[in-house]
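Enquirer: Residue numbers (my numbering), protein chains in the order written: chain G, 1 to 203; chain U, 204 to 345.
Quick caveat, the hints were computed from the structure, so don't treat them as lab data. Hints should not be assumed to be uniformly reliable.
Claimed, not checked - Here are some chain G residues pointing at chain U (derived, C-beta under 8 Å):
1) Leu59
2) Lys183
3) Ile198
Stated by the list, open to error - A partial selection of chain U residues facing chain G, derived with a Cβ cut-off under 10 Å:
4) Gly233
5) Tyr303
6) Ser326
Even glycine gets a Cβ: it sits at the ideal position worked out from N, Cα and C.
If you want the building blocks of each chain, they are given just below.
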Amino acid sequence: MNYVECFRAIARHRTDEIVITSAGNSGQAWWAATRDSVASFYLDASMSLSTMFASGLALAQPNLIVWAFMGDGAFAMNPGMLMVERQMNLPNLTHFLVSNRAYGATSNAGLPNSDHNDYAAIARAFGLERVYEFKSTAAIEHELPKLKAANAPGHTFVVLEAEPFSDAEQKLEQPPFDGPELKFRFGRHIESVTGADIFGYRI
Amino acid sequence: MDVIKTIEGDTRFHHVPVNREESAIGLCSGAYMGAMGSAALMGASGFMTVIYALTKINYTYEIPLFLMATLRGAVGDHHKHHISNGLYLKPVLDAISMPYQIIERPDDVGLISRCYHHTRTFSRPMVVLFTRDLLRGGGGGH
Numbered sequence: 001m002n003y004v005e006c007f008r009a010i011a012r013h014r015t016d017e018i019v020i021t022s023a024g025n026s027g028q029a030w031w032a033a034t035r036d037s038v039a040s041f042y043l044d045a046s047m048s049l050s051t052m053f054a055s056g057l058a059l060a061q062p063n064l065i066v067w068a069f070m071g072d073g074a075f076a077m078n079p080g081m082l083m084v085e086r087q088m089n090l091p092n093l094t095h096f097l098v099s100n101r102a103y104g105a106t107s108n109a110g111l112p113n114s115d116h117n118d119y120a121a122i123a124r125a126f127g128l129e130r131v132y133e134f135k136s137t138a139a140i141e142h143e144l145p146k147l148k149a150a151n152a153p154g155h156t157f158v159v160l161e162a163e164p165f166s167d168a169e170q171k172l173e174q175p176p177f178d179g180p181e182l183k184f185r186f187g188r189h190i191e192s193v194t195g196a197d198i199f200g201y202r203i
Numbered sequence: 204m205d206v207i208k209t210i211e212g213d214t215r216f217h218h219v220p221v222n223r224e225e226s227a228i229g230l231c232s233g234a235y236m237g238a239m240g241s242a243a244l245m246g247a248s249g250f251m252t253v254i255y256a257l258t259k260i261n262y263t264y265e266i267p268l269f270l271m272a273t274l275r276g277a278v279g280d281h282h283k284h285h286i287s288n289g290l291y292l293k294p295v296l297d298a299i300s301m302p303y304q305i306i307e308r309p310d311d312v313g314l315i316s317r318c319y320h321h322t323r324t325f326s327r328p329m330v331v332l333f334t335r336d337l338l339r340g341g342g343g344g345h
């Protein structure tokens with residue numbers, strides 16, 4: 001399925017979920033789909049850490065529902081993240097893995113062993129139980145509401161089979177924020193919905 | 204002193220073992236955005252692998268992060284595989300303008316909380332470095 005259309009389909013089912021994106025394409029696609037600069041944190045070029053960042057947030061704020069996106073290029077750098085996620089098993093975290101079989105942020109450089117990588121099988125081998133695969137926007141439209149409504153224990157892992165960005169999509173706008181601005185936009189939103197004090201200085 | 208087991212056994216802390224040091228950088232940074240205090244604990248070699256993550260996440264977004272690491276390769280450390288850490292750990296910290304505090308005596312332990320609070324003022328990372336002699340409880344060997 002088309003990468004951006006995939007994100008638009010997911011965004012249609014978003015209510016109050018907090019979103020963390022990964023490098024390059026997932027940030028561009030989520031920005032194109034939502035233009036959200038408050039409840040989304042664009043963790044640009046973290047080289048595989050978007051779901052770890054999301055896990056820290058989900059652990060700290062168990063009443064927030066956190067969605068984290070990353071590409072399979074980022075996943076390939078640190079697949080052991082699934083060991084940590086499985087161990088933490090946070091019911092308020094969903095890890096969306098965009099399987100586009102390319103390093104999209106580096107002009108679709110090839111991913112090793114790309115024809116054979118089975119991310120759902122890898123996740124199950126790490127002991128994950130709530131593993132899903134969506135290969136079309138129709139499947140997202142049909143299945144994502146049920147997945148959201150399940151209220152099941154344990155964290156959720158979703159593989160999204162998507163095409164790499166086209167040359168035109170590679171030119172999609174990056175979220176136009178400097179880091180500290182994004183930190184404060186996002187953090188103030190977390191403070192407002194949770195009552196937590198992130199930025200208050202305490203001795 | 205076994206720092207990891209001590210932390211694991213202390214109910215004031217929620218200990219999350221991770222697969223590699225960069226994961227701890229991501230976790231602690233996300234925890235900060237959820238208003239949870241945290242510390243990333245690692246060895247000197249592990250610290251040397253997280254420079255990109257620190258500069259990309261904690262410097263770019265100005266997210267505070269408190270780290271505790273071992274200071275290896277110093278005088279008295281007879282492990283040759285830590286020579287590189289002895290040579291380059293502190294120069295690397297200086298190169299990224301990252302403050303550090305060496306903890307080498309039990310009397311220095313009170314500095315740890317000051318360093319933690321400094322990360323909140325500084326809105327960037329800081330590391331405290333434990334000497335091998337301190338962690339082993341001795342006054343220095345051969």
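Enquirer: Run every hint past the structure and note whether it holds.
Expert: Results for each hint:
1. Leu59: Since the shortest Cβ distance to chain U is 6 Å, the answer is holds.
2. Lys183: 5 Å, holds
3. Ile198: 5 Å, holds
4. Gly233: This interface hint holds because 3 Å falls under the 10 Å limit.
5. Tyr303: Hint violated; tyrosine 303/U Cβ to chain G Cβ min 22 Å, cut 10 Å.
6. Ser326: At about 8 Å, which falls below the 10 Å cut-off, the nearest Cβ of chain G leaves the hint on serine 326/U intact, so it holds.
The structure fails hint 5 only (numbered hints given earlier).
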